[in-house]
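Protein sequence lines, in the order shown, are assigned to chains A, B, C, D, E and F.
Note that the working numbering has the first sequence beginning at 4, numbered continuously upward.
Note that the working numbering has the second sequence beginning at 4, numbered continuously upward.
Note that the working numbering has the third sequence beginning at 4, numbered continuously upward.
Note that the working numbering has the fourth sequence beginning at 4, numbered continuously upward.
Note that the working numbering has the fifth sequence beginning at 4, numbered continuously upward.
Note that the working numbering has the sixth sequence beginning at 4, numbered continuously upward.
Check before you lean on any hint, since a few could be wrong.
[Unchecked claim] With a cut-off of at most 20 Å between alpha-carbon atoms, the simulated SDA-like pairs for lysine to any residue come out as follows:
1) Lys-32(E) with His-77(A)
2) Lys-32(C) with Arg-33(F)
3) Lys-32(F) with Arg-43(C)
4) Lys-32(D) with Gly-83(E)
Please keep in mind that the hints were generated in silico from the structure rather than gathered at the bench.
Every value quoted in this text rests on a predicted model; they were computed, and no experiment measured them.
Protein chains: 6
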Amino acid sequence: MKEDIVRHFHDERERLNEVVMARADREMKRFWNLDSAVYRDGELPSATKELLGLVASLVLRCDDCVRYHLSRCHELGVTGEQVVEALDVGLVVGGSITIPHVRHAMEFWAALDSR
Amino acid sequence: MKEDIVRHFHDERERLNEVVMARADREMKRFWNLDSAVYRDGELPSATKELLGLVASLVLRCDDCVRYHLSRCHELGVTGEQVVEALDVGLVVGGSITIPHVRHAMEFWAALDSR
Amino acid sequence: MKEDIVRHFHDERERLNEVVMARADREMKRFWNLDSAVYRDGELPSATKELLGLVASLVLRCDDCVRYHLSRCHELGVTGEQVVEALDVGLVVGGSITIPHVRHAMEFWAALDSR
Amino acid sequence: MKEDIVRHFHDERERLNEVVMARADREMKRFWNLDSAVYRDGELPSATKELLGLVASLVLRCDDCVRYHLSRCHELGVTGEQVVEALDVGLVVGGSITIPHVRHAMEFWAALDSR
Amino acid sequence: MKEDIVRHFHDERERLNEVVMARADREMKRFWNLDSAVYRDGELPSATKELLGLVASLVLRCDDCVRYHLSRCHELGVTGEQVVEALDVGLVVGGSITIPHVRHAMEFWAALDSR
Amino acid sequence: MKEDIVRHFHDERERLNEVVMARADREMKRFWNLDSAVYRDGELPSATKELLGLVASLVLRCDDCVRYHLSRCHELGVTGEQVVEALDVGLVVGGSITIPHVRHAMEFWAALDSR
Chain A
4 MKEDIVRHFH DERERLNEVV MARADREMKR FWNLDSAVYR DGELPSATKE
54 LLGLVASLVL RCDDCVRYHL SRCHELGVTG EQVVEALDVG LVVGGSITIP
104 HVRHAMEFWA ALDSR
Chain B
4 MKEDIVRHFH DERERLNEVV MARADREMKR FWNLDSAVYR DGELPSATKE
54 LLGLVASLVL RCDDCVRYHL SRCHELGVTG EQVVEALDVG LVVGGSITIP
104 HVRHAMEFWA ALDSR
Chain C
4 MKEDIVRHFH DERERLNEVV MARADREMKR FWNLDSAVYR DGELPSATKE
54 LLGLVASLVL RCDDCVRYHL SRCHELGVTG EQVVEALDVG LVVGGSITIP
104 HVRHAMEFWA ALDSR
Chain D
4 MKEDIVRHFH DERERLNEVV MARADREMKR FWNLDSAVYR DGELPSATKE
54 LLGLVASLVL RCDDCVRYHL SRCHELGVTG EQVVEALDVG LVVGGSITIP
104 HVRHAMEFWA ALDSR
Chain E
4 MKEDIVRHFH DERERLNEVV MARADREMKR FWNLDSAVYR DGELPSATKE
54 LLGLVASLVL RCDDCVRYHL SRCHELGVTG EQVVEALDVG LVVGGSITIP
104 HVRHAMEFWA ALDSR
Chain F
4 MKEDIVRHFH DERERLNEVV MARADREMKR FWNLDSAVYR DGELPSATKE
54 LLGLVASLVL RCDDCVRYHL SRCHELGVTG EQVVEALDVG LVVGGSITIP
104 HVRHAMEFWA ALDSR
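When you get a sec, could you build the whole thing from the sequences and use the hints?
Have a look at this one:
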């Protein structure tokens, strides 16, 4: 069951990106490219940048974005304990309104871990 | 399949509006009325106002509101290319956190177009 | 049917809280505890504080949080008319972008009432 | 000194409301009227509604709006201890990002108290 | 006096853009460029796009951004009545929490008009 | 001149914290303590956590909070290039609405550097 939420997330994301790209104009594509560029290794390693994206997504309360950055963190070897500490920062900055998203984040991370 | 998300959206909206109106007091009804009034033709045409509502809904990240304004834009003859340019403004103002909503908007517009 | 959305809400909340607590660290638990503490009877009665939590959740547009505070208000004897007046404040402060959440709130309250 | 921030707040608010009303159309005036209506005594007393407006304003992080509702609470006899408990709810719901606004709220309340 | 808030806005904006560009990396510059691109004439005229930027800025409650788009609207021949109607949409979508920003917008527009 | 914005920031912060603590109840003090706890060295180093706080503050658009985390980053030896990359993530996630805050962040960092 748990693996399903991971696969479903990736399939839906891919399907909808195709819907977007079928009609996107040049500006929309430029934004998509820039959105990849800022997470690449630089003065800060990519894993740290994904944690930044994770916490930004948590405080802005976007489950989809949280899941994407959790996937990337998992691929890059970030540990569960590190993720919890990053979520703590987001929870304290963003308040209890983020709790439903913390719940979904913890469930998604458990699913990533159990694959 | 694609038509379903349009019909489902309208049915659910109508059903829930009835739930609200069964218990709404005078102030709630006044808000509902004012919410219609600001999109009527005036110094700005209704289509422009619906685009304003669309972009406001995108940057505030409300899929339901985005779908409503997309429906109205479609009825009023706004083109797909114009909608994409309006979404570009919302995407740049609101950032990548709006991307999941841009995806849903593009999917909903495609469904409106294929009816 | 209506009771289902209440039971489903509580079951899902309980299930996910267990997922969180299985991995939460000390800081996360401290936040969870503080989140309970601020709604206890004090200089303001608990019912008033739950209404504060309700309106805060509405303007921040979190359905899950709105449902939780509606449940608590219902347990504490807040009337439907009082809830509508509180939602009016949230609707006017937060604008039409809160309307989808007002709809869900009214539906959930009706479900609580019909149990 | 402390009284200055109260007087300055009210003078500036009055001055700018005149600027708005000189050019406002019918819809803008209807919104202004509705914004007064929802805080009147009803099933919930006006003081409770002002506390709702206060917490909504805190979590949405608007110093001006916080100050307005603090003024109204003060006029209606809400105590300092009650205001602190209401701010606690807003602080926990909205997170540490509200702290600068909690600071300004506490300073403004102290100024109201020392008049 | 009124002209001062316009000149001050532009001077401060220019001064701070220089501070940013002195240290910006490639990604930051790409974002700045994209931020100009989306307001250019296309399927929608530039004036409409500036109104979209205005309303997006109002509902996200950024005075600086509102002022920038008001300046651009003024240059492009948008009328005061059209601006008021656009602000109405933002006010209804974003709620009374936008009122302080509506006030500043109306004051800034009056200053633009009186130059 | 540049040093002034740093000193002014710290003096004002200290002054207002005293105003708060003079009237804060137990819950408010618990929140303040928890807000310190989540940035301490753990599985993630304190510098990374301050960068998380910085980006969370940027996307939620709180100048005061951004300045606080910039100060802490500076103390902990984070470089200017690393700060720019972190701001890039916030800018792309949060969109052009964060630009005024990016400007203030870059100005504040320059002031920290020139002390």
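Verification of the hints:
Between Lys-32(E) and His-77(A) the CA atoms are separated by roughly 30 Å; this puts the pair beyond 20 Å, and the hint is violated. Between Lys-32(C) and Arg-33(F) the alpha-carbon distance is near 13 Å, which keeps this suggested pair within the 20 Å criterion. Under the criterion of a C-alpha separation no larger than 20 Å, the hint pairing Lys-32(F) with Arg-43(C) is consistent with the structure, at around 16 Å. Annotation: proposed proximity of Lys-32(D) to Gly-83(E) holds, straight-line Cα distance about 16 Å (limit 20 Å).
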